[in-house]
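One-letter residues, chain by chain:
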Amino acid sequence: MIPPNFEYYAPSSLNEAIGLLDQHQGEAKILAGGMSLIAMMKLRLVEPGALIDINRIPGLSYLKEDAQFLHIGATTRTNDLGDSDVVRMRYPILSDAGREIADPTVRNMGTVGGNVCHGDPGNDLPACLLALDAQLVAQGPKGPRTLAAREFYQDTFVTALAPNEILTEVKIPRPGTGAGSAYSKMERKVGDFATAAVAVALTLGKSGGIDAVGIGLTNVGPTAIYARAASEFLKGKAGADAEIAKAAELAAEAASPVADNRGPVEFKKDMVRVWSRRTLRRAIDRAKGVH
Amino acid sequence: MAIDAVTAKSSVPSSFSRTVHLTVNGVARESTVENRLLLVHYLREHLRLTGTHIGCDTSHCGACTVLVDGKTVKSCTMLTVMADGKQVTTVEGLETAGKLHPVQEGFTKEHGLQCGFCTPGMMMASVALLAKNPHPTEDEIRRGISGNLCRCTGYVNIVKAIQYAAANAPPPAAGTGGA
Chain Y
1 MIPPNFEYYA
11 PSSLNEAIGL
21 LDQHQGEAKI
31 LAGGMSLIAM
41 MKLRLVEPGA
51 LIDINRIPGL
61 SYLKEDAQFL
71 HIGATTRTND
81 LGDSDVVRMR
91 YPILSDAGRE
101 IADPTVRNMG
111 TVGGNVCHGD
121 PGNDLPACLL
131 ALDAQLVAQG
141 PKGPRTLAAR
151 EFYQDTFVTA
161 LAPNEILTEV
171 KIPRPGTGAG
181 SAYSKMERKV
191 GDFATAAVAV
201 ALTLGKSGGI
211 DAVGIGLTNV
221 GPTAIYARAA
231 SEFLKGKAGA
241 DAEIAKAAEL
251 AAEAASPVAD
261 NRGPVEFKKD
271 MVRVWSRRTL
281 RRAIDRAKGV
291 H
Chain P
1 MAIDAVTAKS
11 SVPSSFSRTV
21 HLTVNGVARE
31 STVENRLLLV
41 HYLREHLRLT
51 GTHIGCDTSH
61 CGACTVLVDG
71 KTVKSCTMLT
81 VMADGKQVTT
91 VEGLETAGKL
101 HPVQEGFTKE
111 HGLQCGFCTP
121 GMMMASVALL
131 AKNPHPTEDE
141 IRRGISGNLC
151 RCTGYVNIVK
161 AIQYAAANAP
171 PPAAGTGGA
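Chains Y and P, in that order, are what the protein sequence lines are. For the first sequence, our numbering gives the first residue as 1, with consecutive numbering after it. For the second sequence, our numbering gives the first residue as 1, with consecutive numbering after it.
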């Protein structure tokens, strides 16, 4: 399969890239890893008039932690998440996802920024960012602005990013004492999108109760889903089995999957319930230092 | 180093094409290619390096795996223009001075192939895996090649082939830092 013709630009600065994007008035697409974009162009699902390759812009690929945030540059490869010691120690949810996205070779090319702003409900990182209450930094002609991940996903392939904006960074709040997180993906085989996947980030208080929790769901609706009712229900709870089970049911209710070759609707919703329960338990164990 | 110029036989306007410089198996290449030319088509049809196979053409199967700056990529889902300035290694580049690469030797000795279609991609994934982790466990090998599918399901011998290569790789030459 051969993609349709397009103009190709390889800018060497972010301003140049934003200028090109602005000038093409919605006809251009940003090319990062290309793992979704090139595949979709080959299938003629998208036919952009121009590609703006941001891989040659220096300073867009990094993992940096300061007192408040883990900062992840847009062209950081998804394998870098799985390979990073800082991520493994303090952001295990991203380490999990960094080993579950597609396969190792796709992860050499696929980027964090692309995974986050492509807007496919099957992408793995969006649910993690919803659970983590992450922030996204977008740059447009008027400068940078920060968006909440929980307000970013509007519909399938539709995000809050303006046509002349580029996602430049993902900011993950640095976890405090008692934090634990996990991402669990049910997939038919390596490289498939999730049948269902659940992201959990939580913090346990001194008494062992749940101070804060975020639950995100992958590929069981038109976008990644923040399971708000389930997350709010668990806040302040002790984390007893019955409470975890109730939260898992609420998470399943938040899902609105469609039937496909990965299973019927009822099955997928039940898988959200089962995997929510397991992933909550895994995150609590990690918060307690049990691995 | 010799430069081989390869020019695309193309009638499309120049805004849809570009001149790239890349090194393939140690040979510097200057080529004018369509922006949309996939790396696998450049390798197979422009350079006639047909060792790299096209399997699923959708980045699932890994038959088209090559190394770009030492890392595996699925060349069916990478544009040639994205490889501008980079070092590309294909299966044809594994043999040195008439001697098979330890991975190639492993696939021969341990019968790591049946129909052979996945083999070039499988070997490139193996080379990258062993460069990063010279003594992988079986689990690490299986994860390392999980982006490469063998429709003959010959994985048992493929794993053995990689174990053979790990056990029989020559020690790094003195002073190279073991790269």
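These are computed hints drawn from the structure, not numbers from a lab. Be careful, since some hints might not be right.
As the list claims (entries may be wrong) - Selected chain Y positions facing chain P (Cβ under 8 Å, derived; list incomplete):
| id | residue |
| --- | --- |
| 1 | I2 |
| 2 | N5 |
| 3 | I38 |
| 4 | A39 |
| 5 | N55 |
| 6 | P58 |
| 7 | Y62 |
| 8 | D103 |
| 9 | N108 |
| 10 | V190 |
| 11 | A238 |
| 12 | E253 |
| 13 | A254 |
Since the model is a prediction, treat every value here as computed from it, not as a measurement. Here a beta-carbon is modelled for each residue, glycine too, at the ideal position from N, C-alpha and C.
What hints, given by number in increasing order, does this structure fail?
-> Violated hints (numbers, rising): 6, 7, 11, 12 and 13; every other hint is consistent with the structure.
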